[in-house]
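J.: Here is how the chains run, residue by residue.
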Amino acid sequence: MAVTQLVGAKIHRREDPRLITGHGHYIDDFVRQGTAHAAFARSPVAHARIKSIDVTDASKAPGVVGVYTARDFKGQLAGTHPAAPAFVAEKKFVPERFPIAEKEVRYQGEIVAVVLAETKAQAADAANMIQVDYDELPAVMDLEKALAKGSPKAHEDGPDNVCWDFTYTPLDLTEAAFKEADVVVKERVLQNRLAPVPMEPRGVLAEYEGFDKKLTLWLSSQNPHFIRLFVSGALGLKESQVRVISPDVGGGFGSKISPYPEDYLVPALSRIAARPVKWIETRTESIQTSTHGRGQFYDCEVAAKKDGTLLAMRVVQYVDVGAYHGTFGAFQPVACLMAGGGYKWKGISARTVGVLTNRVPTDPYRGAGRPEATHLVERMVDLVALELKMDPVDIRKKNFIQPEDFPFTQNFGLVVDSGDYEKSLDKALELAGYAELRKKQAELRKQGRFFGIGLSTWIELCGFGPSAATAPATGGIALVESAQVRVTPTGAVIVYTGTHSHGQGHETTFSQIVADQLGVPLDSVELRHGDTAEGTSFGYGTYGSRSLAVGGVAISKAVGKVIDKGKKLAAHIFEAAEEDVVFEHGNFHVKGSPDKSKAFGEVAFASYGMGLPEGMEQGLEAVAYFDPPNLVWPFGAHVAVVEIDAETGTAKIEKYVAVDDCGNIINPMIVDGQIHGGVVQAIAQALYEEVVYDESTGQLKTGTLIDYLIPSMGEIPPFILDKTITPSPTNDLGVKGIGEAGTIAASIAVINAICDALSPLGIKHVDMPAPPDKLWHMMKEARQ
Amino acid sequence: MNHKVAVTVNGRKHEHEVEPRLLLVHYLRDVVGLTGTHIGCDTSQCGACTIHVDGKAVKSCTMFAVQADGRSLTTIEGMAKGDELHPIQQAFWDEHGLQCGYCTPGFIMAAAYLLEQNPNPTEDEIRRGLEGNLCRCTGYVNIIKAVQSAAKTMSGTPARKTQVAAGGS
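So the sequences go chain by chain: A and B.
Just so we're aligned, residue 0 is where the first sequence starts under numbering that gives the first Met the number 0, counting upward by one.
Just so we're aligned, residue 0 is where the second sequence starts under numbering that gives the first Met the number 0, counting upward by one.
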């Protein structure tokens, strides 16, 4: 009998049988009769005027249907690329962006022309035959130089390179605290530019049916409803004329949230050519043109007392916006609002500056702003500890927001819903064997070895909504979540959610919630998502660890409505008062007589019959939207133990402990999987990954997986995972989010361990990434 | 200038006229119509397209279709026998060895060859044996567990427990 055992249990994923047998449906697996294939000609240079484009040879190449340049899309596509206000409502300069360049290219990889051909290979061949005459312009690459007076501009017609310059809290706010400080530490902390690299690249298949004036768009997206909104607008269609289907999605990590130029051009081409058009991104195109993450630096100062009491922080964030404003690029300044971490501060002065450069636009990448905040505050706290010769554990414990302080209004007015930071830290220290590790470190240091222990006590805000905070951030649409629950006459349950999984296992976890609530077997519940033609009129997508805390709760609300209607009907059948009807374990009965009961399926069947209570309509289904009253606030403590080889500079992670708290857990197996994956992505940021451009020409030097190193199985450390559970008071399920925790927590645990290992050499700070050659040089210089 | 290619894929014979430059992975996906073999890079780094050619694991983007002429190929679609999963598929399911699932077919094919060569590998041997396949979701922890678990099932000997295998709940 199903009671409440599914929630909290390790239920094997329902999506897996198709995926492990090769029967998943990813974007490139879709075929439409009569499809033409698109290949894009892209700028090989970072910044140039387009003098001319010669398509003569390409047009004559075998199999070519047509070659198109910006002019051909002028009557097809309207408007500029969307740039949401996010956390910076006031922008200085948001460049206009058309999906295909006409007069000027602003980053390497920007589209200048497109070929349609009968086969993929013919399209690619012909795209290589397009002759473009470029008049090269200086590439704007360095953020500080870009801000200097007289700097070349990333956009020739722009006023300067400042996309935004916004002060959240002024400097004078922290003046008194800095005056009373015994110690002030200062550091510039870098955030390396990263390529998200989902294993499945992007892709678009569009079929415009001219006589019906209907567009079906298959694409690999985290966010199908927003894509429908943007694309329909640009094509001059109603949302009702456009159906977006995002099938199985092979990873996203933030890079499949925003619309892309190809998302507009491919459907426009289908309308022009009157046949289906398909384009699948190559890996080089993916690294070259899918949005990047991070790409920032921070100038930070922290004031503290001798006893380790943190007083105030001053932070200026510089964001490499890239060549155009990413749709959600201004989300990243959330790092300023989270810069205080899990600590109490008298004041934080924060300013963000967004700088236009001739690189690919940046946009959210797993964690988006919150990894940067954690990295910054955890680095600065360690620097204060080093200055005061305090143990990094002690300074954290001294300054933590305490359990009794919640709900805690932090320096920027955000209300942290719950937490117990010391508890998770203590658990992590115990699992790591912290005291023994410090003893071991003392021993190894005597032998001249470089052994370090790094802490990260991280906090996160996630689960976007609420409406009051998010509607202004998107430019009008509140980030709530919708759900529809439909019960068929035989009691089968179909659930539609506006979120969309790209590996998170929603088909399993969301069904666990529904099956428990309705007391039906898991098999009776079917979860559907990713198709705008099904379910509610709008959905909000999956990003920002929001799917469970907003979408899951919306589902639960819709199920509640179904149960309420079932109770009314059951009361009518039992000839009892509605308030006397109880629903438990999948059965309705009158209070006190559980032996006379009606199963959920029987009541569902009755709802489609006759003799319903007066005023009740047939059917058993409900729609619910959930507008959360607050964000949710996961937290945890990670410990990395690193030894650096003095001969090679290689930092080897000997042990990695992660204690995370995401509130109530629906499926612990999936939670652990999210932590593993996130931690490894953050370790990769700390040690390996960086998108590198030539600083003078703007040429991308890491355009393949040969040059852009994502870790393989050989690079991962041994893990010890554990949890604390502090239910969120923000929603009825008591859940938070876990999708981004690993990337938020882990980069600084590794970097703090490296800094700790190298501190005997007088090295205080190391930036990411920290590959062997960099550490080797730093160690060599420090010894001299 | 098309060339004839005759191959056996998952026990079925196929004959087609193909362009000599057609990669084997494109042949399998676009000509034979088996889309379980995936493409994740342009440079043979990711291993998503791993299949078996005459029993050996091969990244199918590193061969032309014409080079496969006369060979016997196995793709992910050929691993389960009807409804009965291959032990490695079962182990990936049991151990949560996949999230988005895009890299999974390649991992399963590479792991199958690894276990055929070395039925009871150490954790280190698994890491070295599968480092030619990339996964961006799982952090590899549960893939290692899955391969260990499959080795145990397939050889009837207990998998060697390691620190990685002990991680998590």
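If you're looking for bench data, these hints aren't it; they were derived computationally from the structure.
If you're wondering where the values come from, they're calculated on a predicted model, not measured in any experiment.
No residue lacks a Cβ here, since even glycine has one placed at the ideal position from N, Cα and C.
Be aware that one or more of the hints could be misleading.
Unchecked claim - Under the rule of at most 27 Å between Cα atoms (straight-line distance), these lysine-lysine pairs were calculated in the DSSO-like manner: (1) A/305 x A/119; (2) B/12 x A/119; (3) A/9 x B/12; (4) A/213 x A/305; (5) A/773 x A/445; (6) A/59 x A/343; (7) A/119 x B/3; (8) A/9 x A/185; (9) A/73 x A/9.
Unchecked claim - Facing chain A, a subset of chain B residues (Cβ under 8 Å, in silico): (10) 34; (11) 39; (12) 92; (13) 112.
Claimed, not checked - Stretch-level coverage of chain B by chain A, calculated; a stretch enters the list once three of its residues show a Cβ under 8 Å from a Cβ in chain A: (14) 55-66; (15) 93-103.
J.: Straight-line Cα separation of residue 9 of chain A and residue 12 of chain B no greater than 27 Å?
T.: 42 Å, violated
J.: Holds or violated: is the Cβ of residue 34 of chain B closer than 8 Å to a Cβ in chain A?
T.: 4 Å, holds
J.: Given residue 92 of chain B as an interface hint, is its Cβ closer than 8 Å to any Cβ of chain A?
T.: 5 Å, holds
J.: Against chain A, with CB atoms and a cut of 8 Å, does the hint on residue 112 of chain B hold up?
T.: It is violated, given that the least Cβ distance between residue 112 of chain B and chain A is near 15 Å, above 8 Å.
J.: Within 27 Å, alpha carbon to alpha carbon, are residue 213 of chain A and residue 305 of chain A?
T.: Violated. Residue 213 of chain A to residue 305 of chain A sits at ~68 Å, over the 27 Å cutoff.
J.: With a cut-off of 8 Å on the beta carbons, see whether residue 39 of chain B makes it to chain A.
T.: At about 5 Å, which falls below the 8 Å cut-off, the nearest Cβ of chain A leaves the hint on residue 39 of chain B intact, so it holds.
J.: So if I understand the rule, the pair passes when the alpha-carbon distance is 27 Å or less; does residue 12 of chain B with residue 119 of chain A pass?
T.: Measuring from Cα to Cα gives roughly 26 Å; hence the hint holds.
J.: Taking 8 Å as the C-beta cutoff, is the stated coverage of the region 93-103 of chain B by chain A satisfied by three or more residues?
T.: holds (count 9)
J.: So if I understand the rule, the pair passes when the alpha-carbon distance is 27 Å or less; does residue 59 of chain A with residue 343 of chain A pass?
T.: The given pair, whose Cα atoms are some 68 Å apart, is violated under the 27 Å limit.
J.: If you draw a straight line from the CA of residue 305 of chain A to the CA of residue 119 of chain A, is it 27 Å or shorter?
T.: Between residue 305 of chain A and residue 119 of chain A the Cα gap is close to 66 Å, so the pair fails against 27 Å, i.e. violated.
J.: Under the criterion that the straight-line Cα-Cα distance not exceed 27 Å, is the pair residue 73 of chain A, residue 9 of chain A satisfied?
T.: 53 Å, violated
J.: Do three or more residues of the region 55-66 of chain B come closer than 8 Å to chain A, measuring C-beta to C-beta?
T.: Violated, because only 0 residues of the region 55-66 of chain B bring their Cβ atoms closer than 8 Å to Cβ atoms of chain A.
Violated hints for the displayed structure, listed by number in ascending order: 1, 3, 4, 6, 8, 9, 13 and 14.
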